[in-house]
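4 protein chains.
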Amino acid sequence: MATNQQVSVAVVGCGYWGPNLMRNFAGHPRSQLSWLIDVDPARLHPWAARYPLARTTTDLAEALADPQLHAAVIATPVSTHFPLARQCLSAGKHVLVEKPMSQSPAECRQLIRLAKQKHLTLMVDHTFLYTGAVRKIKQLIEDGELGKIYYFDSVRVNLGLFQHDVNVIWDLAPHDLSIMDYVLRKRPTHVAAHGACHVPGSHIENIAYLALKFADDTIAHFHVNWLAPAKIRRIIIGGSKKMLVYDELSPDEKIKIYDKGLVIKDANDSHRWLAEYRIGDLYVPNVDTTEALAREINHFVDCILRRQRPESDGEAGLRVVRILTAAQTSLARNGEFVAI
Amino acid sequence: MATNQQVSVAVVGCGYWGPNLMRNFAGHPRSQLSWLIDVDPARLHPWAARYPLARTTTDLAEALADPQLHAAVIATPVSTHFPLARQCLSAGKHVLVEKPMSQSPAECRQLIRLAKQKHLTLMVDHTFLYTGAVRKIKQLIEDGELGKIYYFDSVRVNLGLFQHDVNVIWDLAPHDLSIMDYVLRKRPTHVAAHGACHVPGSHIENIAYLALKFADDTIAHFHVNWLAPAKIRRIIIGGSKKMLVYDELSPDEKIKIYDKGLVIKDANDSHRWLAEYRIGDLYVPNVDTTEALAREINHFVDCILRRQRPESDGEAGLRVVRILTAAQTSLARNGEFVAI
Amino acid sequence: MATNQQVSVAVVGCGYWGPNLMRNFAGHPRSQLSWLIDVDPARLHPWAARYPLARTTTDLAEALADPQLHAAVIATPVSTHFPLARQCLSAGKHVLVEKPMSQSPAECRQLIRLAKQKHLTLMVDHTFLYTGAVRKIKQLIEDGELGKIYYFDSVRVNLGLFQHDVNVIWDLAPHDLSIMDYVLRKRPTHVAAHGACHVPGSHIENIAYLALKFADDTIAHFHVNWLAPAKIRRIIIGGSKKMLVYDELSPDEKIKIYDKGLVIKDANDSHRWLAEYRIGDLYVPNVDTTEALAREINHFVDCILRRQRPESDGEAGLRVVRILTAAQTSLARNGEFVAI
Amino acid sequence: MATNQQVSVAVVGCGYWGPNLMRNFAGHPRSQLSWLIDVDPARLHPWAARYPLARTTTDLAEALADPQLHAAVIATPVSTHFPLARQCLSAGKHVLVEKPMSQSPAECRQLIRLAKQKHLTLMVDHTFLYTGAVRKIKQLIEDGELGKIYYFDSVRVNLGLFQHDVNVIWDLAPHDLSIMDYVLRKRPTHVAAHGACHVPGSHIENIAYLALKFADDTIAHFHVNWLAPAKIRRIIIGGSKKMLVYDELSPDEKIKIYDKGLVIKDANDSHRWLAEYRIGDLYVPNVDTTEALAREINHFVDCILRRQRPESDGEAGLRVVRILTAAQTSLARNGEFVAI
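The listed protein sequences derive, respectively, from chains C, U, Z and D.
Counting from 1, one number per residue, gives the positions in the first sequence under my numbering.
Counting from 1001, one number per residue, gives the positions in the second sequence under my numbering.
Counting from 2001, one number per residue, gives the positions in the third sequence under my numbering.
Counting from 3001, one number per residue, gives the positions in the fourth sequence under my numbering.
Isolated chain C, as found in the complex (with noise of 0.2 Å):
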């Protein structure tokens, strides 16, 4: 394509997500909002109505027929977003897949082949690595402001909505998986699970633990829940000179930077070694707002138009997957560590 065509989109599911993407890809510059698509009519009516210009359909294989169409973006339940992804790509349309991007690596795996020999851009919605506070998080462990990473403790809880094709890890997780993913430059290489299942009748967890070992000292853990009374959204990284904690939620200190850290005195004989503190200042900067999935957006059309590689490419979303098949296997085998 040119690179000032216009790239001309079809949003495939009209759920819960969907109309974050009609909205975001009819109000860009260089998209446009082609095609609205829903196996339950009752769901594409009211979008219909909103967005005019777009034509609506329960077959996807019509849209997918239509030549100006470019690429398909895929908001459906997971365990749909291998077939359709699949058939979009082999219709030579750009795929933008919502996470999880599978429900194997293997699927996975297949898609970015597909993608490859049609020379084709799959990305996959790991939304927050285009918000300005993991970017900024990405950065500040880039320049070495925090140093050797020792740990990524993240906590993901709130009331939430109780899925019945996934369980808790799949549908929390992907989020705090995706952001270690980008802002660590280490690969985790076991996983182990813990988890619960309190309601009654189902075997979906909806309370669980990962806790995840990396080839040297480093550990990352992960607490998703759907069961909490409040809502917490944190992610503490400690490094050998710096601290941060990220707090989602928080509305204008999102990223604490705390200048604290352990000074160690004759490190050499573990029975005299002394850890002393180091206490500085604090210091939370100022991040950009930007809407995520506005600059996600923008990416993934800059991407097909100049045939640049995503930031969250199929790659990316097959080492998350690799992750949360791993920790499936883990709570089956009794949490024992799985390789990754």
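Among the hints, a few may not be true.
[To be verified] DSS-like mimics (lysine-lysine), calculated; alpha carbons at most 30 Å apart, straight line:
| # | chain 1 | residue 1 | chain 2 | residue 2 |
| --- | --- | --- | --- | --- |
| 1 | Z | Lys2231 | D | Lys3136 |
| 2 | U | Lys1241 | Z | Lys2231 |
| 3 | Z | Lys2231 | C | Lys231 |
| 4 | C | Lys231 | D | Lys3136 |
| 5 | Z | Lys2231 | D | Lys3265 |
| 6 | Z | Lys2148 | Z | Lys2118 |
[Stated by the list, open to error] If you want a taste of the chain Z side facing chain C, the calculated C-beta under 10 Å gives, among others:
| # | residue |
| --- | --- |
| 7 | Arg2055 |
| 8 | Leu2249 |
| 9 | Asp2252 |
[Claimed, not checked] Pair ranges (Cβ atoms, derived):
| # | chain 1 | residue 1 | chain 2 | residue 2 | range |
| --- | --- | --- | --- | --- | --- |
| 10 | U | Arg1307 | D | Asp3252 | 44 to 50 Å |
| 11 | Z | Ile2279 | D | Asp3252 | 25 to 31 Å |
| 12 | Z | Pro2052 | C | Leu249 | 51 to 57 Å |
| 13 | Z | Ile2279 | C | Ala294 | 44 to 50 Å |
Source of the hints: derived by calculation from the structure; they are not laboratory data.
Ideal Cβ positions, reconstructed from N, Cα and C, are used throughout, including at glycine.
Given chain C, put chains U, Z and D in place with the hints provided.
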């Protein structure tokens, strides 16, 4: 002893916690601070001046030889709890020992037996059991306010003093494990522990996570951390009727009780159950603000004079040590679940 | 009009607030967004595209000439409220006007008279009256939960947009004055105002304090500030039985009701009275989270169709403007109390 | 006195604050707690036991007759500050007197003269001046970090002890007035006060607001309240370069410095100026956490031994009392501005 008698007390160990014990025993109407004991004369000195009526010695035996002495309080490093407590009990003195009670269940059982044989009071300093907040939580749970308990999630992190003889689990977890042991009627059956050590040359974990299983679907989890930039001391308890958050650091909103929960429609069929929320009011009970240590020491004196069983007796100390020991084993076994 | 009829609405002013009005009228089942009006064509353009069914004009008269048009919503600068509202009422259209209703009590009275003569609905956009929180507060006070009201203390500060036509009192205070007018049954009798202007060359106060007196010993106070580093929007209401804090910015603890107060012993003799505290529980009622503007616009439509009196009618608008005008006079008179 | 000498101190008044003074003087290496004085023997008793080396009396004269006594600390009701301080100074003793220094500027001046004649140290207990936070604020302002100071806004409210001899202004405002006097170089010229009394039969205001004017366009405001449900102790200082918030109750974020402000374009013409924001980072300096009273008492001892001028000298005490007296007059004159 006659219930109107004064209990003569020796404080063993004049380090970090000892002075708090001295102050409270010296101020208690039915106790008398008779002896201050520490192997290091330098640590004895300042307190001798502050409490002129108390005798001082670096030799515990000298104090134990005092026929007027009724009880000893042991506030020394963990590794010395067992030998010192045994020595005091053998000498016929009542004992209040710091948490954790000792380094192994076997040692705990030996102390319990010894105290029983000699009809002596053996109490463990599980201070939090004597706070107004924790007592309120116990009452709420026993009154069925929360319904069936689903999970107990605890976070105790800050920039903490690095210990040399014990890791962060033995240092911080006893607080939260003793609270759980006190407020829940059920007992955990297995524990899995993950941790990491970031002090070069040391082998002592400074960050750790414990996951506990119960006979039913209850799950408990503990995050303890010496290397966190901000202080967090928060316990979330989820129940079938209500949920509560205990924030130890909040000056006047320590306990928040959320009238929130899940309403399951047609839960028989896991394919068709529907989980809905119930969101009601939040309420913050006014809690008794008496100093926990004052209430605890009064209880210790009462138990001695009235021959009562302490709320934090040797059995409670043993239950906590059994979890700690199993957690330590789990750490060595790469995080697998270990029977408690 | 028949109650089943659709109310055809014109939005006058497409600046900061206008779009919120458009969105709500366009989305309301019994209203229809028929006209978009702004003197500046450039401001009309984007909204014309967004609402293709609405006609646009830079000349209010053109829209008022439309016999199908029932009502006009005025979201323009304060100085234009009176002439525009008068023009709309004269043309026989119902009117919803932004706060403050106008620049003087005389203007307010003229609009009230005009609406009465022509049997038209005249409503003022006191948005906060339609929030679940403020309605809850009104109910609590009317139910006597707080007892006799002692004081009403309001703080509304942040780094705010500097206005050129009005000072911070006319810009921010109407919010809190309208809330006070709504929840308290008593009316203030006098106001004293202090302020300062820190923009070189400007004479418009950017920080101000209002103190209001009532017939009894009630006192009300308002701090409004365009130049504060952090956003604070908090109202404290002290009563003889209970006290409450309304924190508009708190996501889920907007209203805190403290069962705290004073117990006076032997108050007859001012030399011997003894004031003691009563400290009970704190409780946070769950408040309706419906968007205030949606509820307000639904109320406006209802009032038109059912010929009801709006909760925020012209009289309410007048009462607020009378306080603002007296406060302005007090500023000019060096802060002396001015009768309202 | 020789600078290596020990300063012998008498504490006059063993009520609420006295014990803190005793503890600090008893613990100070270069001072000696020699006398405890209170008209009520019952209040003397417990402290006599705690400080066996100190002599006790109900008659100040007896202590003043002690030639070994160097200094007296007056922690009695406000109405007695002047006569007691005068008696001590006349007897040749250095004096540290509680805030407010006395009940009138005339009394303050008399004490200042007396101390000067007899070459004695006269210091007022403006404790907050000795906190790490307030000293940091003073330094920031003197370094020009905030630029020109625009306003000083203080709120000190809670459910406070009702006093019988003074109203809430005399009880609470001295804290914040002394802080303002210490950190700002400029002095207020006029004060207006509004208040209310809600204790039946009493004439003592329990809620009050003070507005202060300066020679330039600076404005200061104070809200003091004994009848607030929650504790708030917050000072906002707005400057032309930066703004800060001092939250006395925050454990580890007492001072927040906001790199925010106004940028005025073309301010010459008030009709065409444009106010824009500058929003930069927020930073929280690490402040010295030494107990304020310990630092203050060390300063008092130093001033005596080294013949230095106290930071909170009689002149500082006088400046605060002048504002309090003018505020009291303003209350009587229905809130009109009164010259300080």
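Consistency of the hints with the structure:
1. Lys2231/Z / Lys3136/D: At roughly 23 Å apart (the allowed maximum being 30 Å), Lys3136/D and Lys2231/Z satisfy the hint.
2. Lys1241/U / Lys2231/Z: Violated: Lys1241/U and Lys2231/Z sit about 36 Å apart, past 30 Å.
3. Lys2231/Z / Lys231/C: 21 Å, holds
4. Lys231/C / Lys3136/D: Violated, at about 35 Å.
5. Lys2231/Z / Lys3265/D: 24 Å, holds
6. Lys2148/Z / Lys2118/Z: 40 Å, violated
7. Arg2055: 17 Å, violated
8. Leu2249: 8 Å, holds
9. Asp2252: 7 Å, holds
10. Arg1307/U / Asp3252/D: 44 to 50 Å: 46 Å, holds
11. Ile2279/Z / Asp3252/D: 25 to 31 Å: 27 Å, holds
12. Pro2052/Z / Leu249/C: 51 to 57 Å: Hint violated: Cβ distance 38 Å, outside 51 to 57 Å.
13. Ile2279/Z / Ala294/C: 44 to 50 Å: Cβ of Ile2279/Z to Cβ of Ala294/C: about 49 Å, so the range 44 to 50 Å holds.
Hints 2, 4, 6, 7, 12 from the earlier list are contradicted by this structure; the remaining hints agree with it.
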